[in-house]
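Student: So the protein sequences, as listed, match chains A and B. Every letter in the first sequence is one number past the one before it in the working numbering, and letter 127, counting from 1, is 127. Every letter in the second sequence is one number past the one before it in the working numbering, and letter 341, counting from 1, is 1341.
It should be emphasised that the hints constitute simulated quantities derived from the structure, not laboratory data. Keep in mind that a hint or two might mislead.
[As the list claims (entries may be wrong)] Listed next, the stretches of chain B that the computed footprint assigns to chain A, with coverage defined by at least 3 CB atoms under 8 Å from CB atoms of chain A:
1) 1131-1142
2) 1188-1200
3) 1206-1213
4) 1396-1408
5) 1451-1458
6) 1565-1576
7) 1584-1594
Cβ atoms here follow ideal geometry from the backbone N, Cα and C, with glycine treated the same way.
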Amino acid sequence: MTDSTTLGLVGGLLQAVVIVAGAPLLVGLMRQVRARMEGRVGAGITQPWRDLRKQFRKEPITPRGTSEVFRAAPVAMVAITLVVAAIAPFVTAASPLPGVADLFVVVALLATGTVAIALAGIDTGTAFGGMGASRETTILALVEPTALVAIFALSVRAGSTNLSAIVDSTLAEPSAVLSPAALLAAAALVLVIVAETGRLPVDNPATHLELTMVHEAMVLEYAGPDLALIELGSAMRSAVYLGLLANLFVPWGIATEAGVLALLVGVVAFVVKVGVLGAALAAAEVFLAKVRLFRVPELLAGSFLLALLAVTASYVLA
Amino acid sequence: MNTVEVALGCAAGSALLAVLAALVVRRRARPAVVGTLTAITGAAGVVAGAAALLGERFAVELPWIVPLSGIALTVDGLGAAFLAVSGAVAVAAAIYGIGYSHHGLDSRGVQATFPLFVLSLLLVPAAGSITTFLVCWELMALTSLVLVVSEHRRRAEVASAARWYAVMTHLGFVAVLIGLLILSAPADGDTFAAVRAAAADLSPAVAGTAFVLCLAGFGSKSGIVPLHAWLPRAHPEAPSHVSALMSAAMVNLGVYGIVRVGFDLLAVDAERWWWLLVLVLGAISAGYGILQAVVSTDLKRLLAHSTTENMGLVLVGVGASGLFASIGSPVLAALALTAALMHVVGHAAFKTLLFLAAGSVLHATGTRDLDSLGGLRTGMPLTTAAFGLGALAASALPPGTAFVSEWVLLQSLIHGLPAPDAAPAAAPTVTVVVLPLAVAVVALTAGLAVVTFVKAFGVGFLARPRSDAAAHAIESPATMLAGMGLAAVAATVLAVAPTLVLPTLGRVAAGLVGSPAPIADAVSVELVGVTGLLSPVLVVVALVVAAVLVVAIPRVLAGRRARREARLWDCGGGPLSPRTEYTATSFAEPLQRVFDTVLQPVQDVDVTHHQESRYLIAAVEYRRRVPDRIERHLYEPVLSFVTRWGRAGRALATGSVHRYLGYGLCTLCALMLLLVLA
């Protein structure tokens, strides 16, 4: 077994464990930051894990009239996110499955997870489920062009869409991080991530008001262990997206060679980067209001423009 | 004896036998006999195509069939790919047709036309001369027209759809005819080899005219905007197995024509603007097609619009390939063309599956309106599974069929831009502008396709039934399920193991643009010449392992408790009626609003007030329609112009025989005069 395969396998396993264990803590951290800034005490960063433990022990409930799609969707969503957590460069630059660690594959896989939940929302046959699914897929469709064009901008420099290759090229050429192309692409990807993880100003994760909710409307019928999976999956998605953002633009600290110390540094660097990004996102949210659903396309059109400028800049301002 | 020759002979023989059987066999047994023989025709087509793809070449001239020019058949790599695809679609459609035909489609005429249509689909890509090609092309148009009208007694819209189809397909034929005649005029004979040899002598203007004419004619067959108007009419109105053949096999032949003319016959004359035109038309078709699909509520119409979208994506690949060839990067040209061919193959598989499943729904419920379907999973579990698989394949999500080809397409587009430190001359400005926009269009299309198929599958098959017909739907007969099963297997294999066909298609594309093969022979999709690696098998394996872990770990840690049924949350208002469910219309409403300026929907709200008081409302009526905007602005003026001239011309025809004789005399005199003067 070569060195990079070992690193990929060990690192992949390690980062999957870190993300599963750490994602609820990330959510807890973001809530805590918001609470403190809003002058509340907050429930502490381990509260999401306590909630999950409670939900997992409950009795599973199937709403009448729903099908296998409803029951399989949470599993599919968490499984897809788990695969992404294992293969993308979070703790190590090497991937256990190089044939999957492609930026297009990762973005499309995460979209598949959204689709699974949207189908479950429709499957309930309630107005809320359909409404949430409709809104979520609309946002998904509009985010896709931005995401792919931003990927384009990132991959022009590396000459590949492989995640490890992109990370390696940034490590080899640190000044590229401050190039206009990279900055514009980063700005576009931040908006993509805000929309995909359902944060303000696109969606408010704390609301249950029918006029405004998007993600929560789809999962309204879930309870018990199924709900726990959904919550865990959403938290993992946030961690994965923030981790991608962090390591695509600021990959330092990531383990490039096998070794306990390198992996340890990789884990710490990853946790710190995602924590800082999450805290920053939560802090920014305090100052934002949710925009109307039909203003979201304008926001996304803006981010698309940034991504397109990033591609042009990578060529013109080289 | 050559395998291709034997297989093509078998195909022709069994098709003719099927025609004969349709005419003599009793009505009860007719669909089974004709369907079986047609399936054999299709299978023979697959064998012929596969043998030719593996390297066997075949050419034959049969001068005795058509007077003056005779028939010439040549199967090369490009033709073989399309031949195999047509054959495979025909096998599934023919088997499905056995069960589907028992409802008014078992008349002699319809049953005898079906095998002829399949045969023409096999012969068009095998044609080796312009006459042969045009004869087969017209046979294909006429037989499909007959099949489109086969249900005209049941639904009034069929006749109108068939008229649109007849007119547009023949205008397209005229364009192709003129284009190909321009090519064959200076050539010595009309075989493709002769045309290819004479192409170098054509002036750029003549070659360009011929290409644009062929593009218009072939593009209209593929449903390319703005010549798409017939497609969302004719494909839904045809019987479903015929829709599958039209949407999965016939439209491909338009692409075949464009590739054959642009990359083969006129390869030496090809100019950059041709391919930019193809790329732009493809991008517009992809975007416009999927936008129309998002807002349509008719299941088969939605699929027809999605055909326009997919053919648009194929043309984006073809156009990009030509563009790369013109800027001197044959490796990328081969890659883009491979992506286009792969998308043709994948689209054929999932569109067959989707149309057959839609036909199964129509068969069981009698409606194609998504707003009155829903809840089909209880009555029709297999059809639901088939449609779900097709929807996954069509929405370009991993692990789906279309994802692989779109990934290859995106890879070719992304590598089209050189690294910033490369010499600036390596990429002309046009590619710097076009390629990112092409990526954006492909991405937007992919995103909207997800919405379209989530809507079609979720609203149509999941949730609760929105009508009695949907509530009492029962599963289709075994032959229909077998047809769907074949298509489902093909779509799955192409999604999980695309490298069974990708390297072969890569070699075909490489042969056309003159480059080394762009895809390595490996289990994973491995690009040669540029970096890129995708392993669909590993994606599936990783997902399965992760799913097992996700199910197992919580059970081990938290224990397992029995599932309990509970009421849906109904806001305390009692059991929810299906009227409270989201429909296909409401599902697509946000996107319709977002793309308001493009789609320009027409909405009417009629409020009827109470007689006694204006403050009380008796009824509210809401109507919404999304008319095809291009159609309204492009076709309606032409149609009204033709109608006006028709009315004006009516004054000439008074019914007097003397007058008509006078017209004849005048024409004759004018002709004589012309001959004397010339």
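Student: Taking the hints in turn, state whether each one holds.
Tutor: Hints, verified against the model:
Chain A is given as covering the segment 1131-1142 of chain B, and this is violated because 0 residues of the stretch bring a CB closer than 8 Å to a CB of that chain, at least three being needed. Coverage of the segment 1188-1200 of chain B by chain A is violated. Counting CB-CB distances below 8 Å, 0 residues qualify, and the rule asks for three or more. Look at the segment 1206-1213 of chain B against chain A: 0 of its residues bring a Cβ nearer than 8 Å to a Cβ of that chain, fewer than three, so the hint is violated. Counting residues of the segment 1396-1408 of chain B whose beta carbon lies closer than 8 Å to any beta carbon of chain A gives 5, which meets the minimum of three for the stated coverage.
Coverage of the segment 1451-1458 of chain B by chain A holds in this model, with 5 residues showing a Cβ closer than 8 Å to a Cβ of that chain against a need of three. Remark: the segment 1565-1576 of chain B is confirmed as covered by chain A, as 7 of its residues place a Cβ nearer than 8 Å to a Cβ of that chain, reaching the required three. Coverage of a stretch by a chain is defined here by at least three residues with a beta carbon nearer than 8 Å to that chain's beta carbons; for the segment 1584-1594 of chain B and chain A the count is 8, and the condition holds.
Consistency note: the structure conflicts with the earlier hints numbered 1, 2 and 3.
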